[in-house]
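Novice: Sequence:
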Amino acid sequence: MAGGFVLMGGWAVWANSAYPMPAPVKAGLIQGALSACITLLLKTVIERLLPHLSGIPALILPPLACAVLSITLLSLAHLAAGTPKVITTLALPVTVATSYAALYNFRLRHAQ
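If you're matching positions, the sequence shown starts at 1 in full-length UniProt numbering and goes up one per residue.
Accuracy of the hints is not assured; some may be wrong.
Across the chosen pairs, the derived CB separations fall in these ranges [what the hints assert, rightly or not]: (1) T95 x P20: 24 to 30 Å; (2) I56 x T88: 39 to 45 Å; (3) V25 x L61: 33 to 39 Å.
In short, the hints are calculated from the structure, not lab data. Here the structure is a predicted model, which means the values were calculated and not measured. Virtual Cβ for every residue (Gly too), placed ideally from N, Cα, C.
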């Protein structure tokens, strides 16, 4: 969680660095905190959904649910906070979170 805070928060600061302070720092703190929490949330979502699914839906639906959840939570938080470059800010964290969710889901699925 700490790694997610630092890496994704740092990305948000960089993505918004063309704007005057405190916008980049505010975006970094929001993204860092949410990335730390979302990591735990994604793990929980996958672990709860996977036992109820089989076949192709078991491979697709948990990561898809995680992607939608991440995009929704992050977008709402950054829009509410007035982050200047929301799409750029979300590009890397959503890609990483969705990749993590897909790999974790795949690993759990094949361990069953």
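Novice: It remains to establish, for every hint, whether it holds in the given structure.
Specialist: Status of the hints after comparison with the structure:
no., hint, in the structure
1, T95 x P20: 24 to 30 Å, "holds (27 Å)"
2, I56 x T88: 39 to 45 Å, "violated (33 Å)"
3, V25 x L61: 33 to 39 Å, "holds (37 Å)"
Hint 2 from the earlier list is the only one contradicted by this structure; the remaining hints agree with it.
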